[in-house]
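Participant: Next come the chains, spelled out residue by residue.
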Amino acid sequence: MTFLIEFAGILLSTCRDVLPILGLIVFFQLVVLRQAIPNLGRLVVGGVYVVVGLALFLAGLEKALFPLGKIMATQLSDPLFLYGPSGAEVETAVWQAYGWVYLFAAMIGFATTIAEPSLIAVAYKANEVSGGSISQWGLRITVAVGVAFGIALGTFRIVTGTPLYFYIMVGYVVVIAQTVFAPKQIIALAYDSGGVTTSTVTVPLVAALGLGLASTVPGRNPALDGFGLIAFASLFPIITVLGYAQYVHWVQERRKTISKENN
Amino acid sequence: MKAYTIKTIGRLIARKLWGATTDLLPIVLVIAFFQLLVVRQPLPHVGEVIFGALLVVTGLALFIQGLEMGLFPIGEALATALARKGSLFWLLTFAFALGFSTTVAEPALIAVAGEAADIAAAGGLIQADDQARSSYAFGLRMSVAVSVGIAILVGVLRILRGWPIHYLIIGGYVMVMLMTLIAPAEIIGIAYDAGGVTTSTITVPLVAALGVGLASVIRGRSPLTDGFGLIAFASLLPMIFVMGYGILVFN
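Going line by line, the protein sequences match chains A and B.
1 is the number of the first residue of the first sequence in the numbering used here; add one for each residue after it.
1 is the number of the first residue of the second sequence in the numbering used here; add one for each residue after it.
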């Protein structure tokens, strides 16, 4: 019974998210375009699927995965777990002691990105638009590797307390350099893949990890150091997607020159 | 005939559910690995966890089915109809309204803005009373929502005009770097994160369909090269606006 009430609440808030979009679409169809919506029945059914599906998805996450993920994020960053019984007296963080945290950050970043519905949507579109030459799983795995690396590096930053902007600026320089050399068709998609990675699944878990770390690592201020993981998670997928595109391009060029030489 | 249809539908549903299961599998493996081998503590409420996982799988399968049937077609149909109508004003109005209206009420953004206000109050940058805090949080939300609106508008304009995306994005990066130098430290982390939290799960497919739809209708544009990139603007511009807001408010 309590579950039904919880689910109704989530369903209601999903409906509220959809409301502005619905209003906008209805306004433009009726007032600006003044034409009937084609395939209205199918669209309505699809819309209901999206809302109910998303609500079920979120309710399931709240029930199953978020509590566990959050508990584990706090447990893994607990000084008692990391340093053993003497953990309570540790005053300066030793970054080598946090191996499990980096591994957890990378793996949970990868896993949540694979399940991220926004990324599934963009990968689906990219596959359709490219006529199948961009595979859905290829894009999703490349993005997930970027998120994994980004979040692991982000936790390293929290542990060491180094300034956020330093990492982000180096990342930007890398992206700019890659943009110059990467195949032109992929650039827009690569930039987009940075923004879509962080939504319903990744943000709550990653935020819990960041705040958990910033409040248990000695010498860190959760208010200042807890933020920034999401920025890492949105920057590094751009680098991996551009990198992967460059790699594929390079392999193709090489194959061409080799077959030319053989002729 | 009828039995055949039911069989096909059954197979289709099974395939969707299986797809959603493989999407979820990595999370289950990671949590199981750390729970069993590293943290080594008994799993609380196993029944509830399994029930939740079933909900997630069903929900994801439904959501993807709904994308194909509802969100993608409506986004593309609107993009096509607006492009055919040929009114730049309405197209840009739609773009701005889509970005603004879906962001302003976003729960993640409301939560982040509230937290940011507490931090600013604790740092002595704004007054610690409730009124100062809520007006600061409101200002933050508005700067993000307006910036997402402008981002989608600029992105649509880019598709229409065929501007190369990397000049705009690199220009944006340079802006972010320059503003980081002069922005107060308390706003930088929030500004960098603000880019990521703005685009919700329902907005992304719609915006992607809008971009791809526009790029396929307009002659000389490729859906792949020109259709994507709207979300990139929507995650870049909020950083600039939030830092700008910080500079304005704190000085």
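These are computed hints drawn from the structure, not numbers from a lab.
Treat the numbers as computed from the prediction; the structure is a model and nothing was measured.
For glycine and all other residues, C-beta sits at the position ideal for the given N, C-alpha and C.
It is possible that some hints are incorrect.
So these bits of chain A aren't anywhere near chain B, every CB distance computed over 10 Å [said to hold, decoys possible]:
{"no.": "1", "residue": "4"}
{"no.": "2", "residue": "63"}
{"no.": "3", "residue": "138"}
{"no.": "4", "residue": "220"}
{"no.": "5", "residue": "250"}
{"no.": "6", "residue": "261"}
The calculated lysine to any residue pairs, modelled on SDA-like cross-linking and capped at a C-alpha distance of 20 Å, are [claimed, not checked]:
{"no.": "7", "chain 1": "A", "residue 1": "70", "chain 2": "B", "residue 2": "138"}
{"no.": "8", "chain 1": "A", "residue 1": "184", "chain 2": "B", "residue 2": "216"}
{"no.": "9", "chain 1": "A", "residue 1": "184", "chain 2": "B", "residue 2": "35"}
{"no.": "10", "chain 1": "A", "residue 1": "70", "chain 2": "B", "residue 2": "40"}
{"no.": "11", "chain 1": "B", "residue 1": "85", "chain 2": "A", "residue 2": "37"}
{"no.": "12", "chain 1": "A", "residue 1": "70", "chain 2": "B", "residue 2": "221"}
{"no.": "13", "chain 1": "B", "residue 1": "85", "chain 2": "A", "residue 2": "33"}
{"no.": "14", "chain 1": "B", "residue 1": "85", "chain 2": "A", "residue 2": "45"}
{"no.": "15", "chain 1": "B", "residue 1": "16", "chain 2": "A", "residue 2": "128"}
{"no.": "16", "chain 1": "B", "residue 1": "16", "chain 2": "A", "residue 2": "160"}
{"no.": "17", "chain 1": "A", "residue 1": "184", "chain 2": "B", "residue 2": "171"}
{"no.": "18", "chain 1": "B", "residue 1": "85", "chain 2": "A", "residue 2": "38"}
{"no.": "19", "chain 1": "A", "residue 1": "70", "chain 2": "B", "residue 2": "219"}
{"no.": "20", "chain 1": "B", "residue 1": "85", "chain 2": "B", "residue 2": "216"}
{"no.": "21", "chain 1": "B", "residue 1": "85", "chain 2": "A", "residue 2": "25"}
{"no.": "22", "chain 1": "B", "residue 1": "85", "chain 2": "B", "residue 2": "161"}
{"no.": "23", "chain 1": "B", "residue 1": "85", "chain 2": "A", "residue 2": "29"}
{"no.": "24", "chain 1": "A", "residue 1": "70", "chain 2": "B", "residue 2": "29"}
{"no.": "25", "chain 1": "B", "residue 1": "16", "chain 2": "A", "residue 2": "127"}
{"no.": "26", "chain 1": "A", "residue 1": "70", "chain 2": "B", "residue 2": "171"}
{"no.": "27", "chain 1": "A", "residue 1": "184", "chain 2": "B", "residue 2": "221"}
{"no.": "28", "chain 1": "A", "residue 1": "70", "chain 2": "B", "residue 2": "38"}
{"no.": "29", "chain 1": "B", "residue 1": "16", "chain 2": "A", "residue 2": "17"}
{"no.": "30", "chain 1": "B", "residue 1": "16", "chain 2": "A", "residue 2": "81"}
{"no.": "31", "chain 1": "B", "residue 1": "85", "chain 2": "A", "residue 2": "26"}
{"no.": "32", "chain 1": "A", "residue 1": "184", "chain 2": "B", "residue 2": "166"}
{"no.": "33", "chain 1": "A", "residue 1": "184", "chain 2": "B", "residue 2": "33"}
{"no.": "34", "chain 1": "A", "residue 1": "184", "chain 2": "B", "residue 2": "225"}
{"no.": "35", "chain 1": "A", "residue 1": "184", "chain 2": "B", "residue 2": "39"}
{"no.": "36", "chain 1": "A", "residue 1": "184", "chain 2": "B", "residue 2": "160"}
{"no.": "37", "chain 1": "A", "residue 1": "184", "chain 2": "B", "residue 2": "170"}
{"no.": "38", "chain 1": "A", "residue 1": "70", "chain 2": "B", "residue 2": "46"}
{"no.": "39", "chain 1": "B", "residue 1": "85", "chain 2": "A", "residue 2": "172"}
{"no.": "40", "chain 1": "A", "residue 1": "70", "chain 2": "B", "residue 2": "35"}
Participant: Now tell me, hint by hint, if it's right for this structure.
Facilitator: The hints, checked one at a time:
Every beta carbon of chain B lies more than 10 Å from that of residue 4 of chain A, the smallest distance being close to 12 Å; the non-interface claim holds. At roughly 3 Å from the closest C-beta of chain B, the C-beta of residue 63 of chain A falls inside 10 Å, breaking its exclusion from the interface. For residue 138 of chain A, the shortest C-beta to C-beta distance to chain B comes to about 15 Å, beyond the 10 Å cut-off, and the non-interface label holds. With a minimum CB-CB distance of about 12 Å to chain B, residue 220 of chain A clears the 10 Å threshold, and the non-interface call stands.
For residue 250 of chain A, the non-interface assignment is confirmed: its Cβ lies about 19 Å from the closest Cβ of chain B, beyond the 10 Å cut-off. Residue-level check passed: residue 261 of chain A sits 31 Å from the nearest beta carbon of chain B, beyond 10 Å. Proposed proximity of residue 70 of chain A and residue 138 of chain B is contradicted: the alpha carbons are some 28 Å apart, above 20 Å. Pair hint residue 184 of chain A plus residue 216 of chain B holds up; C-alpha atoms about 18 Å apart against a cutoff of 20 Å.
For the hint linking residue 184 of chain A to residue 35 of chain B, the alpha-carbon distance of about 44 Å lies beyond 20 Å, and the restraint is violated. Distance check on the hinted pair: residue 70 of chain A and residue 40 of chain B sit about 16 Å apart at the alpha-carbon level, within 20 Å; holds. Among the hinted pairs, residue 85 of chain B with residue 37 of chain A is consistent with the structure: their alpha-carbon atoms are about 15 Å apart, no more than 20 Å. Note on residue 70 of chain A and residue 221 of chain B: the hinted pairing is violated, with a Cα-Cα distance of about 45 Å set against a maximum of 20 Å.
Our distance criterion of 20 Å between C-alpha atoms is met by residue 85 of chain B and residue 33 of chain A, whose separation comes to about 8 Å. Among the hinted pairs, residue 85 of chain B with residue 45 of chain A is inconsistent with the structure: their alpha-carbon atoms are about 27 Å apart, more than 20 Å. Distance hint between residue 16 of chain B and residue 128 of chain A is fulfilled; the C-alpha atoms sit about 18 Å from each other, no more than 20 Å. At roughly 44 Å between alpha-carbon atoms, residue 16 of chain B and residue 160 of chain A are farther apart than 20 Å, so this suggested pair is violated.
At roughly 17 Å between alpha-carbon atoms, residue 184 of chain A and residue 171 of chain B fall within 20 Å of each other, so this suggested pair holds. Using a Cα cut-off of 20 Å, the hinted pair residue 85 of chain B and residue 38 of chain A holds, with the two alpha carbons roughly 16 Å apart. Distance check on the hinted pair: residue 70 of chain A and residue 219 of chain B sit about 49 Å apart at the alpha-carbon level, beyond 20 Å; violated. With a C-alpha separation of about 15 Å, the suggested pair residue 85 of chain B and residue 216 of chain B falls inside the 20 Å cut-off, and the hint holds.
At roughly 15 Å between alpha-carbon atoms, residue 85 of chain B and residue 25 of chain A fall within 20 Å of each other, so this suggested pair holds. Of the supplied pair hints, the one linking residue 85 of chain B and residue 161 of chain B holds, its CA atoms being roughly 17 Å apart against a limit of 20 Å. Using a Cα cut-off of 20 Å, the hinted pair residue 85 of chain B and residue 29 of chain A holds, with the two alpha carbons roughly 12 Å apart. Between the alpha carbons of residue 70 of chain A and residue 29 of chain B the distance comes to roughly 16 Å, so the proposed pair stays at or under 20 Å and holds.
For a cut-off of 20 Å, the pair hint linking residue 16 of chain B to residue 127 of chain A stands: about 18 Å separates their Cα positions. Restraint check for residue 70 of chain A and residue 171 of chain B: the C-alpha separation of about 38 Å exceeds 20 Å, so the hint is violated. Simply put, residue 184 of chain A and residue 221 of chain B have alpha-carbon atoms about 13 Å apart, close enough for the 20 Å limit, and the pair holds. With a C-alpha separation of about 15 Å, the suggested pair residue 70 of chain A and residue 38 of chain B falls inside the 20 Å cut-off, and the hint holds.
The hinted pair formed by residue 16 of chain B and residue 17 of chain A fails the criterion: a straight-line CA distance of about 25 Å is larger than 20 Å. Between residue 16 of chain B and residue 81 of chain A, the direct Cα distance comes to roughly 41 Å. Violation of the 20 Å bound is thereby established for this hinted pair. Between the alpha carbons of residue 85 of chain B and residue 26 of chain A the distance comes to roughly 17 Å, so the proposed pair stays at or under 20 Å and holds. Taken as a hint, the residue 184 of chain A and residue 166 of chain B pair is honoured in the structure, with Cα atoms around 9 Å apart against an allowance of 20 Å.
Pair hint residue 184 of chain A plus residue 33 of chain B does not hold up; C-alpha atoms about 40 Å apart against a cutoff of 20 Å. Simply put, residue 184 of chain A and residue 225 of chain B have alpha-carbon atoms about 7 Å apart, close enough for the 20 Å limit, and the pair holds. Between residue 184 of chain A and residue 39 of chain B the alpha-carbon distance is near 46 Å, which puts this suggested pair outside the 20 Å criterion. Of the supplied pair hints, the one linking residue 184 of chain A and residue 160 of chain B holds, its CA atoms being roughly 18 Å apart against a limit of 20 Å.
Restraint check: the Cα-Cα separation between residue 184 of chain A and residue 170 of chain B comes to about 15 Å, which is no more than 20 Å; the hinted pair holds. Simply put, residue 70 of chain A and residue 46 of chain B have alpha-carbon atoms about 16 Å apart, close enough for the 20 Å limit, and the pair holds. Taken as a hint, the residue 85 of chain B and residue 172 of chain A pair is broken in the structure, with Cα atoms around 39 Å apart against an allowance of 20 Å. A distance of roughly 12 Å separates the Cα atoms of residue 70 of chain A and residue 35 of chain B; the hinted pair therefore holds under the 20 Å criterion.
Of the numbered hints stated above, those contradicted by the structure are hints 2, 7, 9, 12, 14, 16, 19, 26, 29, 30, 33, 35 and 39, listed in ascending order.
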